[in-house]
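Take the sequence shown: its letter number 778 is residue 763 in our numbering, and every next letter is one higher.
Think of the hints as simulated: they come from the structure by calculation, not from any bench. Heads up, a few of these hints could be off.
Computed beta-carbon distance windows for the label pairs [stated by the list, open to error]:
1) N499 to A72: 27 to 37 Å
2) F571 to D363: 52 to 62 Å
3) G182 to V373: 42 to 52 Å
4) P76 to A188: 32 to 42 Å
Below 30 Å or equal to it, Euclidean Cα-Cα: the simulated DSBU-like pairs (lysine-lysine) are [unchecked claim]:
5) K192 to K156
6) K548 to K529
7) K542 to K645
8) K570 to K580
9) K529 to K580
10) K90 to K156
11) K361 to K663
12) K41 to K109
13) K192 to K90
14) K361 to K276
15) K156 to K139
The beta-carbon is built from N, C-alpha and C at its ideal position, and this holds for glycine as well.
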Amino acid sequence: MISRDFRIGWRLLFQEKAYSAVVVLGLSIGVAVCFLLLGLVHHSFSYNTHIADADKIYLVKQRWNTAGSDGNWSDSISLPARDAMLASGVPLIASTFLERKVDVKVGSNVQTISITMVDPDFRKIFRPQVVSGDLGIALARPDALALTQETATKVFGNENAVGRTVHIAGKPYLVSAVLADQPSATTLPYAALTGTGTAIWDAEYRKLVTTNWGSSHGPVFVRLGEGASLAPVGDAIRRAMVASPFYKRFSLDQVASLNGRDMLDFEFKPISESYLDPDVEIRDATHGDRKTVLGLAAVALLILLLAATNYVNLATVRTLRRQREIAVRKVLGASAGAVSRQFLAESILVCLIATALGLFLAWVMLPVFEDLVQRKLDRLFTAGPVLVAAMTGMLLGVIAGAYPTWSALKVRPTAALSGRGNAETVGGLWLRRVLTVMQFATAMGLTGLTLAVAWQTHYASTLDPGFDPEPLVIVTAPEDMRSANARAFFDALGRLEGVSGVTVTDAPVTVNRNSTALKREGGTSSEINFLMVHPNFFEVYGLKPLQGRVYTLSQDKVADEDKLVINEAAARELGFASPADATGKFVRFPSGDAKPIQVIGVVPDIRHRTAREPMQSTVYFMEDHTNVFTVRASGDVEAVQRQVETLWPRFFPNAVPDIKRMGTLFGANYDDDRRLAKLLSASSVIAIAIAAFGIYVLAAYSVQRKSREIVLRKLYGASGAAIGRLVVREFAVLIAIGAGVGLPVAWLATSRYLAAFSERAPVGLWTVGFALGVAALVALCSTLRHTFVAMRLAPVLALRD
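Sequences and hints are given; from them, build the entire structure.
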């Protein structure tokens, strides 16, 4: 292929500006969408690749086996498990990675940052790059920390942070080092580092974290020495756990219910595989779903394939119209190789231009795309991906140009010059029909799946949580109700205008995952969710008892430990026949010296998690270890929220306000599903547009190909309606075949998506029916113009041609 072929191709593109604009724009949109989606896929498979020897560093996972546990693996374990690994005698180093949000104050400016507590060996395991200062000081001193470059700029306005001071909870902390920012594809994102001896932990939290086997606050990573094995490390964890007071507190019936298993299972996972670990339940910025990622890869390739299919269709029709030009070139001595080079050069040129434009469109759309998927694709426009895109564009040009080139080679000069060659072979026609069927099958499949995901997301996010969330404002304070300051804040909230009630819990009710073991007298132990509440919790949330009574300010005190309110699911879990049967009975913790607690009432179930899980069995303890305030507005909720924001600095001047509407919190449980629905919606619209354009081209060629047949039918008396049916019938069959291919796949994908939910929307067949209707409407609109052309075709003109 020589430069002369490309120069001729360039001139031809400029001669047919409309054709060139259509094919380049269509291909560029496909390239842009494919590049962004495959960029996200590549990002998902590149997590932790920047870490040296990532396959030798392990994340320790744990799973509870107790009755009532969900059986899912968690990537958070307790620090006693870390201590057991270090004491195993196996040559290894380990570090915890406990992240929490803190409010830092510099001057009068207060900001929230994430700070991560790690062990000194974190440096040896992950080798973070130190830009300036001494990381060792940050990990050794209780009043020191290290900031990343991005965090230093956020807090101080520049990276010159070493030696400067921030205040956390009123105490000064020295910035001893500035660290290089990490790439976004990491399961260990940190904004600041400090040691586990940090003064940020108060004594109570430190004891909970460092001594309680049942308290898991973050992951632990381990790196083995040369020749070391993981098996004895796991055995050491098990021995230490079984010998711990934590394990011995469990009752005999709890241990018996395990059927020979341990209370906790532990497993080691290379961090190179941790992002797409299918066993971890929670999906967030540090965990992805392999099936979803592979599905997006398939969508990306399908869209590029559909765009390329359109180009093949257009280029083939254009080749048929250029038969006389091709015939003249052959008569003048052009060889088959010269003709092939010319057509392949044109195709490669079109695809390279489309690739360049597609990359530009992807660059423009990148901020919107990153916001949609909640991922920072910081390596997308580096040399590697751009070079791969260019090579793919060239390869696409060769592949997409192969059939038009073959069509050009099949042109017979004598037939073309005599006007008898403007026809496509039967095989070529069927190939393009198959491509059109594939386009519509993809468009219908994506549309049906999009509708199902969007409908299920809407259904789940609008399920009745068991209470009215609209008048509720959630305020998370930095101090709990044991603090005089928090109690004063509680009283001040209650005096605000438009506030009809204030209560406090230890967690937002929509994200509660705390659990404990309880048993009724004569029954077996069950793992049950618990929520710590203020005595007026049920009044503020408007929850009435099904049986018995609930806590009230007039009858109950926070210090009361001999009474309990449970929900209906907990009554069943504990083995009671009904709410009436549970009321007045006693339950207790499994340990032998635990005092019995009387169930004073049973309340309806409310949602503490998402629709992916069944209603949680929950018990409500009265406690003052609570710092999540719920404010109930009697009027304008926004006005109440503004008043809370104004009140905040009087009580918590060193903290950033954390104030949200309850409805927002509840809806946030489905943010990932909304993002998936938006991605699928965008893909569906593009696929439908490509399919519409493809059938438009096919309809144009079909009318041209059948022009003589149409006029002969007219001469024999066929009506315009009959001619219209002749044209439409061909495409109706193609749509029907496309539906038969695409809609069952969409139904299968929908079933798999819905299988993750315990409460499913009544999807039924309407989604695939709607997708079929959209496809039929698009096909009708796309072929309507050419159908009218066929109906008005003048016999004298067609026969003269």
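Here is how each hint holds up against the structure:
1. N499 to A72: 27 to 37 Å: holds (29 Å)
2. F571 to D363: 52 to 62 Å: Roughly 58 Å apart at Cβ, these two residues keep to the hinted range, so it holds.
3. G182 to V373: 42 to 52 Å: holds (47 Å)
4. P76 to A188: 32 to 42 Å: Holds, since P76 and A188 (Cβ atoms, about 33 Å apart) stay within the stated range.
5. K192 to K156: holds (21 Å)
6. K548 to K529: holds (17 Å)
7. K542 to K645: holds (28 Å)
8. K570 to K580: Answer holds: K570 to K580 is near 13 Å, not above 30 Å.
9. K529 to K580: Distance ~27 Å between K529 and K580 Cα, so the pair holds.
10. K90 to K156: Given pair K90, K156 holds - Cα atoms ~10 Å apart, limit 30 Å.
11. K361 to K663: Holds - the C-alpha atoms of K663 and K361 are around 17 Å apart, at most 30 Å.
12. K41 to K109: holds (13 Å)
13. K192 to K90: Judged against 30 Å, a Cα distance of about 27 Å means the pair holds.
14. K361 to K276: Measuring from Cα to Cα gives roughly 20 Å; hence the hint holds.
15. K156 to K139: holds (20 Å)
Going down the numbered hints, you'll see the structure goes against none, and every one checks out.
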